[in-house]
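Generate coordinates for the entire structure from the input sequences, incorporating the hints supplied.
Chain by chain, the residues:
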Amino acid sequence: MSVPQPWPPKSVATPEDLVVALHATDEGGADLVQLLTPEGERVRDERFDSYAADVGVAELQGLYRDMVLVRRFDREANALQRQGQLGIWVPLLGQEAAQIGAGRALAPMDMAFPSYREHGVAWCRGIDPTELLGIFRGTDQGGWDSRATRFHLYTIVIGNQCLNATGYAMGQKFESKVGDGPDTEATMCFFGDGATSQGDVHEGFVWAAVYDAPVVFYCQNNQWAISEPTERQTRVPLYKRAQGYGFPGIRVDGNDVLACLAVSRWALEECRTGNGPVLVEAFTYRMDAHTTSDDPTRYRLAGELELWKLKDPIERVRVHLVRSLGVEQGYFDEVAAESDALAERFRRFCMEMPAPAPDRMFSQVYAEESPLVAAQREAYLAYHASFEGA
Amino acid sequence: MATLTLAKAINEGLRSAMERDPKVLVMGEDVGKLGGVFRVTDGLQKDFGEQRVLDTPLAESGIIGTAVGLAIRGFRPVCEIQFDGFVFPGYDQIVSQLAKLHFRSQGKVPVPVVVRIPFGGGIGAVEHHSESPEALFAHVPGLKVVACSNAVDAYWMIQQAIASDDPVIFFEPKRRYWEKAELDHDATPPPLHSAQVVRPGSTLTLVGYGAVLKTCLEAATAAAEDGNDLEVIDLRTLSPLDLEPVVASVRRTGRLVVVAEAPSETSVASEVAARVQEECFLSLEAPVLRVTGFDTPYPPSKCEDDYIPDLDRVLDAVDRSLAW
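Residue numbers (numbering that gives the first Met the number 0), protein chains in the order written: chain A, 0 to 389; chain B, 0 to 323.
Since the hints were derived computationally from the structure, they do not count as laboratory data.
Just so it is clear, the structure is predicted and the values come from calculations on it, not from any experiment.
Keep in mind that the hints are not guaranteed to be accurate.
Stretches of chain A that chain B covers, calculated by requiring three or more beta carbons in the stretch to come under 8 Å of a beta carbon on chain B [stated by the list, open to error]:
1) 79-86
2) 144-155
3) 197-207
4) 360-368
From chain A, some residues computed to sit far from chain B (all C-beta separations above 10 Å) [to be verified]:
5) Ser49
6) Met169
7) Ser292
8) Ser385
Cut-off 20 Å, straight-line C-alpha distance, at most; resulting in silico cross-link-like pairs (DMTMM-like, lysine to aspartate or glutamate) [claimed, not checked]:
9) B:Lys179 to B:Asp41
10) B:Lys22 to A:Glu174
11) B:Lys107 to A:Glu368
12) B:Lys107 to A:Asp144
13) A:Lys176 to A:Glu269
14) B:Lys213 to B:Asp315
15) A:Lys239 to A:Asp30
16) B:Lys107 to A:Asp139
17) B:Lys301 to B:Asp311
18) A:Lys308 to A:Glu130
19) B:Lys107 to B:Asp164
20) B:Lys22 to B:Glu11
21) B:Lys32 to B:Glu11
22) B:Lys32 to B:Asp54
23) B:Lys213 to B:Asp309
24) B:Lys213 to B:Asp305
25) B:Lys107 to A:Asp358
26) B:Lys213 to B:Glu303
27) B:Lys107 to A:Asp127
28) B:Lys32 to B:Glu49
29) B:Lys107 to A:Glu130
30) A:Lys308 to A:Asp287
31) A:Lys308 to A:Glu38
32) A:Lys308 to A:Asp294
33) B:Lys45 to B:Asp29
34) A:Lys176 to B:Glu303
35) B:Lys107 to A:Glu367
Cβ atoms here follow ideal geometry from the backbone N, Cα and C, with glycine treated the same way.
Here it is, written out as structure tokens:
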């Protein structure tokens, strides 16, 4: 059993309390990489500062904008589900920094394998948010070109993608894309704390280690696998598992976009140069429900969310931009206006999406069509047509 | 012409496919130095290297899951599952990813993976080494499933399966691995997804696949001595089924006996029976009969001669059909 925690918190936490709380979630907390505190203060990190050295005012503004826009369409999608326009939505609220930091670290030729919550990484891969809607409206099961964008389709079965990503990374290695050449590549695999209990994640770690595959295993530990807290998945901090497989594991403040960017860049660089695989645990929090079908009030206290709101990934960047970098209000107004426009376009697109025709279900089951499927399509369409004009 | 065993025929087929296309990989447990427990991949690692013939860690989900990733990257992996009963840890990856990616991506992501599975009993093995799980794959949309019965087909079918852009589950009749046939390397093989009439006849249609096909041919020889002229059809492709030759045959003979080693309930044999009665209802002179393994787990090996459909059980069904 876990050590009893003081709960609920006695009063609103101070910034110091928050940092302590973040670090105290387990004994490995002191290893947490953080470059921007929840209060928006830039802290130095000998190991990772160099990986964020090129992030000036404009670049940090860019990361801020990414997070605001992604949060905005995420909230819009949630609302669209509530209004019956989507069958389900999988919110990313709270995980914007973890996803934008990693997503912006990826180079164009790198490959990413998402689970089903990586809307922020999709954004970074150039996928328009409207392309995500088909899955959740039920008009499609994919929706984007995973080869052109180098962002694999969403994987819904927990952990499956860790093996697929590892195989892909093995292929990169077999094609000599690892080392000191000009065209090196890496793969990044996204999964959550719950997935770490899956055999496929274990096997992915084993395979990647045995074949020195250039894959970054990027675990967003958002503390909850639907209703089960991380302690139902593990006895040790997740990043420490890497040691047992023989590769480095590191924990980063998943609500710190700068740290996530720096650590991801380092991890990808390690992989591209032949030092992969690497495990990154982005320590974050799922601020909303698992999906729109879930009800977190049944299993967690509202106070926990309130505590994490004080560690919000976007607010700390805004504070830093204002206080330390002198960014004027006009910039934030521009981003807000842009996010409103995006939300409006997103909403309109969603509501105008046509339902697929009945023959959609027979489409592309095989590369070389099965005569059985062809016969069933023909028979069903004839049956369907028999009602026309009736 | 060359005389070779079924195991060697697959070996030569793999070699030929690997020579033709550098993206073809062989991966599995013990497929490298050892050449596989049945020696089907013998010598391939020596000639193609460790990046083309991968001795993988011992985990079937890992074999299939990484093969899927390699296929996404543009490779054409051929996975070996050591024994039929060991495929189930990989079943999730086969059903959830391998079978569905083409549909999920609407054709943008083909996954040309071949999963080779030695299947069936008759080798006196312990549990999990003698099963016939083909229906569990034939039931999954997105997969193609084939079973070879002899060395000549094995040589061609493995190459055709590798060339296919669809995932193919490739069943090999393990108790026939050491049976020889004459192979003409210059012949033109029939399409992969085609059933073949292997012995023409007029009295009754006998359909089988995999290891029991030989039993079917022996039954036809025995029946001929009694003046019964059986037509024997090797199904070869289990998904999609190619029933045109079967339907054409049954319309002539009016009688069908389907032979398979797998349990009968919800099986490939049952699907053949159902579809043939739909297509041949007015031609049938007798109900379609099935001769199969029993609806039990595969038994201890000292019982397997009773479990596997043998000559007598096939002939018994032939007699029952003819007596109808």
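Checked hints:
1. Counting residues of the region 79-86 of chain A whose beta carbon lies closer than 8 Å to any beta carbon of chain B gives 0, which falls below the threshold of three, so the coverage claim is violated.
2. Judged by the Cβ-Cβ criterion of 8 Å, the region 144-155 of chain A is covered by chain B as claimed, because 6 of its residues qualify and three suffice.
3. Beta-carbon proximity to chain B at under 8 Å applies to 6 residues in the region 197-207 of chain A; the threshold of 3 is reached and the given coverage holds.
4. Restraint check on the region 360-368 of chain A versus chain B: 6 residues with Cβ-Cβ distances below 8 Å, three needed, restraint holds.
5. With 10 Å as the threshold on Cβ separation, the claim that Ser49 of chain A sits away from chain B holds: the shortest Cβ distance comes to roughly 31 Å.
6. At roughly 6 Å from the closest C-beta of chain B, the C-beta of Met169 of chain A falls inside 10 Å, breaking its exclusion from the interface.
7. A cut-off of 10 Å between C-beta atoms confirms that Ser292 of chain A is not in contact with chain B; the least separation is 21 Å.
8. Even its closest Cβ contact with chain B, about 20 Å, leaves Ser385 of chain A beyond 10 Å, as expected for a residue assigned away from the interface.
9. For the hint linking Lys179 of chain B to Asp41 of chain B, the alpha-carbon distance of about 17 Å falls within 20 Å, and the restraint holds.
10. Taking the CA atoms of Lys22 of chain B and Glu174 of chain A, the gap is near 10 Å; set against the 20 Å cutoff, the hint holds.
11. Taking the CA atoms of Lys107 of chain B and Glu368 of chain A, the gap is about 15 Å. The hint holds against a cut of 20 Å.
12. Distance hint between Lys107 of chain B and Asp144 of chain A is fulfilled; the C-alpha atoms sit about 7 Å from each other, no more than 20 Å.
13. In summary, the hint linking Lys176 of chain A to Glu269 of chain A is supported, as the alpha carbons are separated by about 13 Å, within the 20 Å threshold.
14. Among the hinted pairs, Lys213 of chain B with Asp315 of chain B is consistent with the structure: their alpha-carbon atoms are about 17 Å apart, no more than 20 Å.
15. For the proposed pair Lys239 of chain A and Asp30 of chain A, the alpha carbon gap of about 10 Å is at most 20 Å, so the pair holds.
16. For the suggested pair Lys107 of chain B and Asp139 of chain A, the alpha carbons sit about 13 Å apart, so the restraint of at most 20 Å is met.
17. Distance check on the hinted pair: Lys301 of chain B and Asp311 of chain B sit about 18 Å apart at the alpha-carbon level, within 20 Å; holds.
18. Distance hint between Lys308 of chain A and Glu130 of chain A is unfulfilled; the C-alpha atoms sit about 29 Å from each other, more than 20 Å.
19. With a C-alpha separation of about 12 Å, the suggested pair Lys107 of chain B and Asp164 of chain B falls inside the 20 Å cut-off, and the hint holds.
20. Of the pairs offered as hints, the one joining Lys22 of chain B and Glu11 of chain B holds, with about 17 Å between alpha carbons and a cut-off of 20 Å not exceeded.
21. Restraint check for Lys32 of chain B and Glu11 of chain B: the C-alpha separation of about 17 Å stays at or below 20 Å, so the hint holds.
22. For the suggested pair Lys32 of chain B and Asp54 of chain B, the alpha carbons sit about 8 Å apart, so the restraint of at most 20 Å is met.
23. This hinted pair checks out: Lys213 of chain B and Asp309 of chain B have alpha carbons roughly 10 Å apart, not beyond 20 Å.
24. At most 20 Å may separate the alpha-carbon atoms for a hinted pair to count; Lys213 of chain B and Asp305 of chain B meet this at roughly 17 Å.
25. A C-alpha spacing of about 18 Å is found between Lys107 of chain B and Asp358 of chain A, which places the hinted pair at or below 20 Å, so the restraint holds.
26. Pair hint Lys213 of chain B plus Glu303 of chain B holds up; C-alpha atoms about 17 Å apart against a cutoff of 20 Å.
27. With a C-alpha separation of about 18 Å, the suggested pairing of Lys107 of chain B with Asp127 of chain A holds against the 20 Å cut-off.
28. For the hint pairing Lys32 of chain B with Glu49 of chain B, the CA-to-CA distance comes to about 10 Å; that is within 20 Å, so the pair holds.
29. The suggested pairing of Lys107 of chain B with Glu130 of chain A holds, with an alpha-carbon distance near 15 Å, which does not exceed 20 Å.
30. Among the hinted pairs, Lys308 of chain A with Asp287 of chain A is consistent with the structure: their alpha-carbon atoms are about 11 Å apart, no more than 20 Å.
31. The straight-line distance between the Cα atoms of Lys308 of chain A and Glu38 of chain A is roughly 12 Å, inside the 20 Å bound, and the hint therefore holds.
32. Between Lys308 of chain A and Asp294 of chain A, the direct Cα distance comes to roughly 18 Å. Compliance with the 20 Å bound is thereby established for this hinted pair.
33. Restraint check for Lys45 of chain B and Asp29 of chain B: the C-alpha separation of about 13 Å stays at or below 20 Å, so the hint holds.
34. At roughly 51 Å between alpha-carbon atoms, Lys176 of chain A and Glu303 of chain B are farther apart than 20 Å, so this suggested pair is violated.
35. Taking the CA atoms of Lys107 of chain B and Glu367 of chain A, the gap is about 13 Å. The hint holds against a cut of 20 Å.
The structure is inconsistent with the numbered hints 1, 6, 18 and 34, although it conforms to all the rest.
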